[in-house]
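Novice: If you want the building blocks of each chain, they are given just below.
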Amino acid sequence: MHKQIALTGNDAGAEALKDVNPDVAAVFPITPQTELMHKFSSFAHDGVVETELIHVESEHSAQSACFGSAAAGARTITATSSQGLMLMAEICVLTASTRLPVVMPVVNRAISAPINIHCDHSDSMFCRDSGWIQLYCEDTQEVYDTVIQAFRIAEHPDVLLPVMVCLDGFIISHTMEGLEVIGPEATQKFVGPYDPAFSLLNTVDPISIGPLHLAEYYFECRRQMIEAMDNARRVIVEVGQEYGELTGRTYGHLERYRLDDAEVAIVAIGSTCGTAKVAADKMRENGIKAGVLRLRTFRPFPGEEIAEALCGVGAVAVMDRSVSYGLRGGPVFSEIRSFAGADAPPMISYIYGIGGRDVYTRDLEAIFEDLARIGRSGDCGEVYRYLGLRE
Amino acid sequence: MAINLKKMAANRELLAGGHRSCAGCSAPAVLRQALHVSGPETIVGFATGCMEVSTTIYPFTSWRVPFIHCAFENVAATLSGAEAAFRVLKRKGRLPEDKKLNFIAFGGDGGTYDIGFQSLSGMMERGHDMLYICYDNNAYMNTGIQRSSATPRGAATNTSPTGKVVSGKQQQRKDMTACMIAHNIPYVAQASVSNHIDFMRKVARGLEVDGPAFINILAPCHRGWRCKPEDSIEVARLAVETRYWPLFEVDDGRWKINRKPKEVVPVADWFKLQGRFRHLLKEDPDGILDWHQEKIEKNWKSLLQREQESQIEG
Numbered sequence: 001m002h003k004q005i006a007l008t009g010n011d012a013g014a015e016a017l018k019d020v021n022p023d024v025a026a027v028f029p030i031t032p033q034t035e036l037m038h039k040f041s042s043f044a045h046d047g048v049v050e051t052e053l054i055h056v057e058s059e060h061s062a063q064s065a066c067f068g069s070a071a072a073g074a075r076t077i078t079a080t081s082s083q084g085l086m087l088m089a090e091i092c093v094l095t096a097s098t099r100l101p102v103v104m105p106v107v108n109r110a111i112s113a114p115i116n117i118h119c120d121h122s123d124s125m126f127c128r129d130s131g132w133i134q135l136y137c138e139d140t141q142e143v144y145d146t147v148i149q150a151f152r153i154a155e156h157p158d159v160l161l162p163v164m165v166c167l168d169g170f171i172i173s174h175t176m177e178g179l180e181v182i183g184p185e186a187t188q189k190f191v192g193p194y195d196p197a198f199s200l201l202n203t204v205d206p207i208s209i210g211p212l213h214l215a216e217y218y219f220e221c222r223r224q225m226i227e228a229m230d231n232a233r234r235v236i237v238e239v240g241q242e243y244g245e246l247t248g249r250t251y252g253h254l255e256r257y258r259l260d261d262a263e264v265a266i267v268a269i270g271s272t273c274g275t276a277k278v279a280a281d282k283m284r285e286n287g288i289k290a291g292v293l294r295l296r297t298f299r300p301f302p303g304e305e306i307a308e309a310l311c312g313v314g315a316v317a318v319m320d321r322s323v324s325y326g327l328r329g330g331p332v333f334s335e336i337r338s339f340a341g342a343d344a345p346p347m348i349s350y351i352y353g354i355g356g357r358d359v360y361t362r363d364l365e366a367i368f369e370d371l372a373r374i375g376r377s378g379d380c381g382e383v384y385r386y387l388g389l390r391e
Numbered sequence: 392m393a394i395n396l397k398k399m400a401a402n403r404e405l406l407a408g409g410h411r412s413c414a415g416c417s418a419p420a421v422l423r424q425a426l427h428v429s430g431p432e433t434i435v436g437f438a439t440g441c442m443e444v445s446t447t448i449y450p451f452t453s454w455r456v457p458f459i460h461c462a463f464e465n466v467a468a469t470l471s472g473a474e475a476a477f478r479v480l481k482r483k484g485r486l487p488e489d490k491k492l493n494f495i496a497f498g499g500d501g502g503t504y505d506i507g508f509q510s511l512s513g514m515m516e517r518g519h520d521m522l523y524i525c526y527d528n529n530a531y532m533n534t535g536i537q538r539s540s541a542t543p544r545g546a547a548t549n550t551s552p553t554g555k556v557v558s559g560k561q562q563q564r565k566d567m568t569a570c571m572i573a574h575n576i577p578y579v580a581q582a583s584v585s586n587h588i589d590f591m592r593k594v595a596r597g598l599e600v601d602g603p604a605f606i607n608i609l610a611p612c613h614r615g616w617r618c619k620p621e622d623s624i625e626v627a628r629l630a631v632e633t634r635y636w637p638l639f640e641v642d643d644g645r646w647k648i649n650r651k652p653k654e655v656v657p658v659a660d661w662f663k664l665q666g667r668f669r670h671l672l673k674e675d676p677d678g679i680l681d682w683h684q685e686k687i688e689k690n691w692k693s694l695l696q697r698e699q700e701s702q703i704e705g
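Heads up: the sequence lines are chains A and B, in that order.
Under our numbering, the first residue of the first sequence is numbered 1, with each subsequent residue one higher.
Under our numbering, the first residue of the second sequence is numbered 392, with each subsequent residue one higher.
In case anyone wonders, no lab produced these hints; they're calculated from the structure.
None of the values given here were measured: they were computed from a predicted structure.
Think of the CB as a built atom: it goes at the ideal place given N, C-alpha and C, for glycine as much as any other residue.
Any given hint could be a false lead.
[What the hints assert, rightly or not] Quick list of in silico lysine-lysine cross-link-like pairs, BS3-like style, CA-CA up to 25 Å:
1. B:Lys663 x B:Lys653
2. B:Lys483 x B:Lys565
3. B:Lys483 x A:Lys39
4. B:Lys565 x B:Lys481
5. B:Lys481 x A:Lys189
6. B:Lys647 x B:Lys619
7. B:Lys673 x B:Lys651
8. B:Lys692 x B:Lys647
9. B:Lys619 x A:Lys189
[As the list claims (entries may be wrong)] Rough simulated footprint, nothing fancy, chain A against chain B, three-plus residues with beta-carbon under 8 Å:
10. 412-419
11. 424-436
12. 443-449
13. 477-484
14. 496-507
Take the sequences, apply the hints, and build the full model.
Specialist: This is how it looks when you write it as structure tokens:
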């Protein structure tokens, strides 16, 4: 049953979780994620889902309860933001390395200090080496679609890694948009039953979960995670295509917007991509062939695909909504650069939108214009730049 | 539940031998005694600590029941997730509706009194149907004998050593059992590895009640207490006989003292067995020995009063 409704990003996340009907949810409030779990709690208390809610006393316990629940063979979710993700980060690493396919919407928010409740990506980027798959959404439709796909990706036997579905705090989480939902029947058919190979609750053939690995075994454990993350590259695309067959909305690692003949391009993740697309359209009206490359997958990092997508573009600006201190440029820029070959276009790094600093269409138009100038002159000028910063 | 040792002795040990705990360690006895009561239909959760580390060195495990370890500070939250999963999987028909499992979380005093306190409190407040057993050896022993909030006042550890200016831990210990009683959960008990029948009966009761239960069991670490390995059980027994560590339980709000020593043993006799208090026996300018004795008398009086009030209330 496909139907059009209007929801905020948080409610779209809750709607998708409702359609999946997971077994266990660990619930703890933090701005701006809070409303997602408000909505989901209502679904649980109205009997719309049969999910067992665990009202934990902290995000640390939220992820710990998820660890125990997923190990016990239950399809398990939680959601968080910012300091909540920081607090549970220790256990996030354990969830990934114990290969427990937990799904967690992360409503992106700046991290303290100073305390700030608005959007940037410093929370999820802090966890980029935690072993979690990270998918970033552009709008509410994608939040709904990605939450559903996340279960298939996480639970795939070749993957078995947890998934963060990242959505920009307030910009997506609190903005109402129209979207198409597919309802519980189609969703549950797509996601399938959850029947993990191992369960803590099996007393006939008991297993020990979380043993001590010393130098003789630990390294191989890590190698298996690397392989799983590599397998996720393929699985994310397969699941995204299958979802496309069901809904008409196909997903992969990247979205190429007017990029085929683009002379200048902006690379970004999250809601800024929508703004960049509007700016690119305007640029094209003004005779500048502008395009946008949107990263949906950040872990596993689709480096080769990005390099291939940018091949032939005259000049590129990479937008980072988080900072990597001591490394010039943010994580998106530096990782793209690590895949750039000799024939890669000149690249400019922009740190922007930190702590919820607004980004306007005109800002991105100015970047496109500057890129066009770089394309013509071949002179980059300052590579490491800030957008919207008061110096 | 009556504890039938003869019958239990015929049971298969659910904690296999060959684990790497120290000779004379009292903690494996705690685990075996608990598992003899709970049986094979038990899910064990463990906080990081000596017993977790020494029983699960991959590719080996001593556990013949399902076992889960996540981190140091979160065994209560971790096992509460598994217990919630068990309930929902039964409700959804993916496990038989009448299936019964015992959930037992174990943590040392560091993982319970200190770093795991918040997680434990949350689990108790939520009312998960599980038993938490704290094996209290009075310090962080796995990392090499550092003071915890369970360390008695005056005891020397590697972070509260005997020094030229300051000797031993300066602060009094946290009354963890009282903290758990304050959660108004169905069952809380204090036990000692020396009094195994009493402990096993308490495990049985803790598993029987509907909702969370907590047992704080004294389990000496001879390395940390600086006593002879063969004295581990004896030193625990003396803790009970001095009434430093009274055996009691609070069952549905009713207090009961489980052992009332006929002869009062002075706490100094307990201290004498342990090198961690040696400095106090030589020189005790702050009167810590007397302070302990007075505190013991006061606590005992209070316990007797609570028990009496419970009897009057019926």
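Novice: Work down the list of hints and note, for each, if the structure agrees.
Specialist: Status of the hints after comparison with the structure:
1. At most 25 Å may separate the alpha-carbon atoms for a hinted pair to count; B:Lys663 and B:Lys653 meet this at roughly 21 Å.
2. Our distance criterion of 25 Å between C-alpha atoms is broken by B:Lys483 and B:Lys565, whose separation comes to about 42 Å.
3. About 22 Å separates the Cα atoms of B:Lys483 and A:Lys39, which keeps this hinted pair within 25 Å; it holds.
4. With a C-alpha separation of about 39 Å, the suggested pair B:Lys565 and B:Lys481 falls outside the 25 Å cut-off, and the hint is violated.
5. Under the criterion of a C-alpha separation no larger than 25 Å, the hint pairing B:Lys481 with A:Lys189 is consistent with the structure, at around 21 Å.
6. At most 25 Å may separate the alpha-carbon atoms for a hinted pair to count; B:Lys647 and B:Lys619 exceed this at roughly 32 Å.
7. A hinted pair counts as satisfied when its Cα atoms are at most 25 Å apart, and B:Lys673 with B:Lys651 does not qualify at roughly 31 Å.
8. For the suggested pair B:Lys692 and B:Lys647, the alpha carbons sit about 13 Å apart, so the restraint of at most 25 Å is met.
9. At roughly 64 Å between alpha-carbon atoms, B:Lys619 and A:Lys189 are farther apart than 25 Å, so this suggested pair is violated.
10. Coverage of the segment 412-419 of chain B by chain A is violated. Counting CB-CB distances below 8 Å, 0 residues qualify, and the rule asks for three or more.
11. Remark: the segment 424-436 of chain B is confirmed as covered by chain A, as 5 of its residues place a Cβ nearer than 8 Å to a Cβ of that chain, reaching the required three.
12. Proximity of the segment 443-449 of chain B to chain A, defined as three or more residues with a beta carbon under 8 Å from a beta carbon of that chain, is established by the 5 residues found.
13. Counting residues of the segment 477-484 of chain B whose CB falls under 8 Å from any CB of chain A gives 6; the rule of at least 3 is met.
14. Interface restraint, the segment 496-507 of chain B with chain A: violated (0 residues with C-beta to C-beta distance below 8 Å; minimum three).
The earlier numbered hints that this structure contradicts are 2, 4, 6, 7, 9, 10, 14.
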